[in-house]
Amino acid sequence: MGGPPYSVFVGNVPYDATEERLRDMFSEVGPVHAFRLVTDRETGKLKGFGFCEYNDKATAESAKRNLNGRDYNGRAIRVDFAEDADREGGGGGASGGAGGGGGGGGGGGG
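315 is the number of the first residue of the sequence shown in our numbering; add one for each residue after it.
Rather than coming from a laboratory, the hints here were simulated on the basis of the structure.
All values reported here derive from a predicted model rather than from experimental measurement.
There could be a bad hint or two in this list.
[Unchecked claim] Between beta-carbon pairs, the in silico distance windows are:
hint	residue 1	residue 2	range
1	GLY383	GLU356	18 to 26 angstroms
2	ARG355	SER376	13 to 21 angstroms
3	ARG384	THR353	16 to 24 angstroms
4	ARG355	ARG379	29 to 37 angstroms
5	GLY388	LYS359	16 to 24 angstroms
6	LYS371	TYR329	27 to 35 angstroms
7	THR332	GLY383	17 to 25 angstroms
8	ASP330	GLY383	32 to 40 angstroms
[As the list claims (entries may be wrong)] With a straight-line Cα cutoff of 20 angstroms, these simulated SDA-like cross-link-like pairs (lysine to any residue) come out:
hint	residue 1	residue 2
9	LYS378	PHE365
10	LYS378	ALA390
11	LYS359	ARG335
12	LYS361	ARG337
13	LYS378	ASN326
14	LYS378	PRO345
15	LYS361	ARG379
16	LYS378	PRO319
17	LYS378	SER321
From the three backbone atoms N, C-alpha and C, an ideal C-beta is built for every residue, glycine too.
Could you put together the complete structure from these sequences and hints?
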């Protein structure tokens, strides 16, 4: 068996993109296990990024090497390993970053 799927982050995706066309593009480097564009829950509109999964690490590395910067509808697609994008805050959105709050606590005691 081939182990877990290897996921690559796909960023800078135009809002008129389709999963089918992007999946075809990412299939150029090898068989795609799954492809998903992220949409806004409320509006259903694309958020400008997604994820592509391959069955092996070599194919995922090939996607990063060969598809990063590729033009798609006038935009240079960003391809990176999903774990790297998460670590660098490149997940595209307001939710990244180092958590905040927690706040100062107890208000004196005694």
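Here is how each hint holds up against the structure:
no.	hint	verdict
1	GLY383 / GLU356: 18 to 26 angstroms	violated, 32 angstroms
2	ARG355 / SER376: 13 to 21 angstroms	violated, 33 angstroms
3	ARG384 / THR353: 16 to 24 angstroms	holds, 22 angstroms
4	ARG355 / ARG379: 29 to 37 angstroms	holds, 33 angstroms
5	GLY388 / LYS359: 16 to 24 angstroms	holds, 18 angstroms
6	LYS371 / TYR329: 27 to 35 angstroms	holds, 31 angstroms
7	THR332 / GLY383: 17 to 25 angstroms	holds, 20 angstroms
8	ASP330 / GLY383: 32 to 40 angstroms	violated, 20 angstroms
9	LYS378 / PHE365	holds, 12 angstroms
10	LYS378 / ALA390	holds, 13 angstroms
11	LYS359 / ARG335	holds, 17 angstroms
12	LYS361 / ARG337	holds, 17 angstroms
13	LYS378 / ASN326	holds, 14 angstroms
14	LYS378 / PRO345	holds, 14 angstroms
15	LYS361 / ARG379	violated, 24 angstroms
16	LYS378 / PRO319	holds, 15 angstroms
17	LYS378 / SER321	holds, 10 angstroms
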